[in-house]
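Peer 1: Residue numbers (my numbering), protein chains in the order written: chain A, 38 to 402; chain B, 38 to 402.
Some hints here could point you the wrong way.
Copies of the same chain are indistinguishable here, so a pair counts whether it falls within one copy or spans any two.
What the hints assert, rightly or not - Once the Cα atoms are required to be at most 30 Å apart in a straight line, the calculated DSS-like pairs of lysine-lysine come out as:
no. : residue 1 : residue 2
1   : K92       : K400
2   : K119      : K42
3   : K203      : K192
4   : K119      : K106
For the record, the hints were derived by calculation from the structure and aren't laboratory data.
There are 2 protein chains.
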Amino acid sequence: MAAQKIYVAVVGVGLVGSELIAQLLALPSSPFRLISLTSTTRTLFSSTSLTSTWKSQLAASSDKPDLTKLSQQLSALVSESKVALIDNTSSEDVAKMYPTWLKAGISVITPNKKAFSGDKSLYDQIIAAIRSPTGGRVYNEATVGAGLPVISTLKDLVGTGDKIVKIEGVFSGTMSYIFNEFSTGKSDGPAFSAVVKLAREKGYTEPHPADDLNGFDVARKLTILARTISTYSLSATSLPELDSFAAVKTASLIPSALENIPTGDEFIARLPEFDAEFNELRTKASQDGQVLRFVGVVDPVNGIVRAGLERYPTTHPFATSLGGSDNIIMFHTERYGARPLIVQGAGAGAAVTAMGVLGDLLKLV
Amino acid sequence: MAAQKIYVAVVGVGLVGSELIAQLLALPSSPFRLISLTSTTRTLFSSTSLTSTWKSQLAASSDKPDLTKLSQQLSALVSESKVALIDNTSSEDVAKMYPTWLKAGISVITPNKKAFSGDKSLYDQIIAAIRSPTGGRVYNEATVGAGLPVISTLKDLVGTGDKIVKIEGVFSGTMSYIFNEFSTGKSDGPAFSAVVKLAREKGYTEPHPADDLNGFDVARKLTILARTISTYSLSATSLPELDSFAAVKTASLIPSALENIPTGDEFIARLPEFDAEFNELRTKASQDGQVLRFVGVVDPVNGIVRAGLERYPTTHPFATSLGGSDNIIMFHTERYGARPLIVQGAGAGAAVTAMGVLGDLLKLV
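Given these sequences and hints, build the entire structure.
Peer 2: Set out below in structure tokens:
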């Protein structure tokens, strides 16, 4: 790993961004030159490579974030060397810049799901841009399963001519934790509201747990997988054209009476009213030797993309093998036949997410 | 996928080779130009791209295999375009050519374990060659777990600074099948010899089952993983320098009285003499709520690389999640903490092996 240098600009320097920069700066004989940082309040463009003092340098900058100016600054470097922009935000506004950057020959690497699971028109512009001979590359491994090899595996499968029969998985670390704790196959156990409360206290849920229980995070990941299949498969599938993640058939876990509760505290306070309902689901599943799991399914054969609570036998890997806040993804394909290819492990966290991003960046070398 | 063309030479056109060529020729708007084929008896070098008629063209060739001449022919193309050689053999002689090819700027892609698990000096020459500025690349994803993302995942982990605590897995499809059938956690079941006999009849073992039961295939895969860790880690480990796979602590399953049985038939005929021994192992494991699995372990912390029969609780993924002739690989790492990253699925077979090879080839685009 020597040769040609690669300029790197980082947008978003929170938990994942800081970890990414730390991992990046720790690479020995690295070809990467970190030249630009952008936070929510400041930006910095440096003619020399930034080092471990980047935080204080950014704090000392008086420049406000300006993505248009950043585009110009980076575009000017493309003729000289490879340029990569890493978006560690979850911002829709940053995502909307990808086509501009990619068209200019800047590669985009990101764990931000917005561009790949939002408006189909934005996604189409991105694919058109990377297919142009002078376009940059786009890598988004960390949008699904963080550092787990999910997107790369899917691209390898369909890009070499395998046919996806079904992808089925637990895609949300939060949902994984909640149901691994709540539904173990026994007829009783902790109350649903108690599990959600504890998950929130441990920092596993968003501040407002409804932002997890609505299933939108899973729907976004399924949209990314479905679009990846449609874009990279060698043969046509029956998958629907998803206008956005909102088109995924998603069975929210938010009780309808709690749909518009403004705060997380209030939501948690009222959730026990619905414990009996969840308890009944668990009891019924248990009577059939099953557990409850919040899963996502992408089925290109039958044209189905759906997220929701489903039941699995207690002998199924979703019951036996899962723990903590693990993700698990099963790829049922033509070549893998009766037994799926399975990827499992932590699907969230700054270190493993940053690793997924850095792994993508290394593909540019 | 358009732009620059990539010349491809294929050595080895058996099951995996034929499947690889079929998958390669099925790629739409492919940059690859298949220009050379070599079997055990013939070779063909074509000035135009070979197509689906390759078998008859090769059969019509009167040229004998000549790897030295092939080197010259391919080297002459390097200045013009990228050149890849795909070795689908399991030949040591072909493996010994890798340094020559790589130094000439030819990339090598292969499921052949020999070069990466044999003499350390050959491996060192390969690594030196790919590190030279004009050297080709080497990709060997399919040497471990066929099409499963094992090598790429390991490189991503250690290449981004993660530290491997332990890799533990069932790396042999044959051993997986044998013990999934033989040891299910119950105290009884089919005789060991009956399971091996059936596995052989199904074509899951080598013609001589001792070639599986000696554990060498697993030892070779562990050598590849250990060397990958040592070569690509950002920090030092305590792993031993393996002179070859023979340095792996391997507990063969061949009863010592059967160590030099010349034929598979004779071996199968005498194996029942040792059923009582295997039965006792199974019974003892079962009494402790455990199953038997033939596993491989690479432990960079304690400097251990070993293959052999080990016991796992019936609740462990090696007991609950495995089936058929699946491979399963657990990566315990610093970043993945208490719960490992797991990859599971078919680890052998022409279609998935060829897919692993073609996935590697696509990295050259």
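Peer 1: Confirm or reject each hint.
Peer 2: Structure-based check of all given hints:
{"no.": "1", "hint": "K92 with K400", "result": "within (26 Å within a copy, 35 Å between copies)"}
{"no.": "2", "hint": "K119 with K42", "result": "both (7 Å within a copy, 21 Å between copies)"}
{"no.": "3", "hint": "K203 with K192", "result": "both (14 Å within a copy, 28 Å between copies)"}
{"no.": "4", "hint": "K119 with K106", "result": "within (18 Å within a copy, 37 Å between copies)"}
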